[in-house]
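Chain residues, written in single-letter form:
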Amino acid sequence: MMHRDSLNSQQVMMYSVLGIALFLSVWYGAVALEVTPKQFLPSPHEVLIKLSSLLTQPFSGFTLLAHIASSFQRFLYGFLLAICIGIPLGLLMALSKNTDRLITPFFESIRFVAPIAWVPFAALWFGTGIGGPVLVIFMGAFPPVLINTYRGAIHVDKKFIEAAQMLGAGRLRLMVEVLFPAAIPSIVAGLRISAGLGWQSLIGAELIVASSGVGYMMVKGQASIQTDIVMSGMIAIGIIGLAIDIGLRMIEKLVSKYREN
Amino acid sequence: MTQWLGIISANRFPTPADTWASLKTIALRGYGNGKLHQHILQSIGLVTIAFLVSAAAGVLLGIFMGANRKIEAIVNPIFLTLRPIPPLAWIPLAIVWLGLGNSAKVMVIFVAAFVPSVINTFTGIRSLDNAQREAALMLGVSRFSYYTEVLIPTAMPLIFSGLRLSLQASWTTLVAAELVGAVLGLGSILNQAAQDINPAMILVGMMSVAVCGWLMTQLLAYLEKFAMPWRHT
Amino acid sequence: MANIVFDGVEKSFSQGGKDFLAVGETNFTVADKEFVAIVGPSGCGKTTCLRMVAGFEAPSKGVIRVGGGIVTAPGPDRAVVFQQFALFPWKTVLDNVTFGLKAMGLSEQERNKRAADLITMVGLEGYEAAYPHQLSGGMQQRVAIARAYVLDPGVLLMDEPFGALDAQTRVVMQEELVKLARKNPRTVLFITHAVEEAVYLADRVVVMSRRPGLFKEVIDVKKLRIEENWDQHSRIEDVMDLSSFVHLRSQIWKLLREQH
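Residue numbers (the numbering used here), protein chains in the order written: chain W, 384 to 644; chain S, 934 to 1166; chain G, 1126 to 1385.
With the rest of the complex left out, here is chain W:
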């Protein structure tokens, strides 16, 4: 019956297992039926074997762990740069209408360009150096940080600002002690979006302008038609992306718990 279709947790578990089983059997089935030559479609366990071997054996110059480290390092630089510029700028724009008017048109025109479209300029300006991917990551991670900081700070009651000004607080202190604390929940929420976009943009950039990193590894795997390497890369990217998201989610929880006290 349409109205009695709620499932209890046991049933959900059962159907979920069924789902995974279906997925794997289709995969194994395709491999067994030799839908495409073996090189193009490795079986699931072959991918996992390759993945674990890549952890210690280098491919295209580095082990998987080293590639991951390289990618993550770029991500971190771009992400931190976005935070270091985005948060202060967002607070300043919320405080000063002049700054707002100055920056907004510039920001709005750049904002809608997909981060990936910055790759050509990145290549042009930075070659295959680290600046390239960092620029692309920055372009992806920056907008959510700026927007969320601005939104969080702009809703602060004018009275608090005026009271602080009356007590002699200069712009800097206003930003740090009044606006920033108020904007924290919004900022933290924006960080998750920002990290997600940044990580995605990184992969795109590495497919084109990198000499190390997980994206680069996958391109090399693709060029030599080693599909198991390509898939290993995809799994690694997914896991790291998930880990970043979970990490930020925990920070979000800690921050809101801290604020309740």
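These aren't lab readings, by the way, just hints derived from the structure by calculation.
Don't take each hint at face value.
[Claimed, not checked] Short, incomplete list of chain S residues facing chain W, as computed with Cβ under 7 Å: (1) A1109; (2) M1139; (3) A1143.
[Unchecked claim] Anything over 10 Å on all C-beta distances counts as not near chain S; from chain W, calculated: (4) L416; (5) L434; (6) I468; (7) P498; (8) I544; (9) Y641; (10) E643.
[Claimed, not checked] In silico negatives: residues of chain S with every beta carbon more than 10 Å from chain G: (11) F946; (12) K968; (13) G1034; (14) W1163.
For glycine and all other residues, C-beta sits at the position ideal for the given N, C-alpha and C.
Use these hints to put chains S and G onto chain W, whose structure you have.
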């Protein structure tokens, strides 16, 4: 301004004059295998096809997952496993499987555009008010009517949100895919211009991408008004 | 013959791992075309009783029979009028009313005609093409009543239908429902926590105890209504002024208080 700051050498940053000149070139004489309108048509054509296929598939799956808890429980784990993999990360695999042509691009766009449609449609279907659901049961309407006259209209606002996100994702992914390897299309302009060290042309490419994307989004917004007449009386 | 029979009916719910009895063992019959109102304190299970007759919930013990057949699922033979109206916002008034008729195999012409008749009967002639959000609460509930009536149901189930309306609209709706019910009688189960409403509308009033809900007292209102000829007064405030009405109302209030 950046020129004046000397941060980046002058010949790697486009001036307005250069940009206008490049725009004329590509529109009238052509650049990188075609004139501007040919590149635009190629890109828009690909995006439209891929978007329509992914959106249709995504909305359908979202409807079934939303209406039927068993289907939701079966599909969810597959979804959750594949979701963390960014669509762009599928590009190398797509190239291995389908080569450097259009079908690889369609595959990657599909991966990107499919997900937002599914999720938003699903949420939309689930948002059906409880009392309305019971009213439909009480009225004894056919299963088909329940889907077409109750579930889908309820989900419409969110379905369109999902379509908007899918369209954006389609554009972004297309440009990335064309950057990696394409002969014709807006992304290929960017690629060619980078190789030719032609910053003005890069800018032309980026602006074209932004304008086309904006236009398609407006079209979608117009369709949205059309599909939900009861919201605008 | 659309009577409602509660045959050894009990309902328990599970909440947070514990079971609790919402409705205690109940044996009761609503006669064909009788109007029965159930009053009781909040949470006593009166709505649950209605929902079991409607088929949205199943009894934990016993069965509910309507017209001899056991209730297993919702259906248009037991039309429901909800407190929150539950109209479909994307359908016009006419479409909302005809929606339930589609499954009955009538031609479009016939459906529209029946719906139009009912829309007129509830006083909304001219509003057929309006959308629910353009109507007031009272008007929306009239559409809901039309939607229920158009199904020609054996049983009408009304779950605090005027609870979401303001006091004045409420009174108007009560008057109209009485007119409709007397003109077009059918078996009605009406849930309310307003005693006056119950006494004004019903043939019998059931007072339910608090959880676990049991049918504690059943008061025959119809007898008094006919004896004292309440129906000669067309205005509700005139009826509610009558000493017989006031007396019965206090009587029921006292019974209700004992349940708190």
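Hint-by-hint comparison with the structure:
A cut of 7 Å between beta carbons decides the hint on A1109(S): the least distance to chain W is about 4 Å, and the hint holds. At about 5 Å, the closest approach between the beta carbon of M1139(S) and any beta carbon in chain W falls short of 7 Å, and the interface hint on this residue holds. Below 7 Å, beta-carbon pairs count as interface contacts, and A1143(S) has one with chain W at about 5 Å; its hint therefore holds. For L416(W), the requirement that its beta carbon stay farther than 10 Å from each beta carbon of chain S is met, with the minimum near 16 Å.
With a minimum CB-CB distance of about 14 Å to chain S, L434(W) clears the 10 Å threshold, and the non-interface call stands. Its beta-carbon lying about 15 Å from the closest one in chain S, I468(W) satisfies the requirement of being farther than 10 Å from that chain. At roughly 8 Å, the least C-beta separation between P498(W) and chain S is not larger than 10 Å, which violates its mark as non-interface. Separation of I544(W) from chain S is adequate, the least Cβ-Cβ distance of about 31 Å exceeding the 10 Å criterion.
With a minimum CB-CB distance of about 28 Å to chain S, Y641(W) clears the 10 Å threshold, and the non-interface call stands. The claim that E643(W) is not at the interface with chain S holds, since no C-beta of that chain comes within 10 Å of its own (minimum 28 Å). Under the 10 Å C-beta cut-off, the non-interface status given to F946(S) relative to chain G holds; the minimum distance is some 53 Å. The non-interface label for K968(S) is consistent with chain G: the shortest C-beta to C-beta separation is roughly 46 Å, beyond 10 Å.
The non-interface label for G1034(S) is consistent with chain G: the shortest C-beta to C-beta separation is roughly 43 Å, beyond 10 Å. Distance check on W1163(S): its Cβ comes as close as 5 Å (rounded) to a Cβ of chain G, failing to clear the 10 Å threshold; non-interface status is violated.
Against the hints set out earlier in the document, violations occur for numbers 7, 14.
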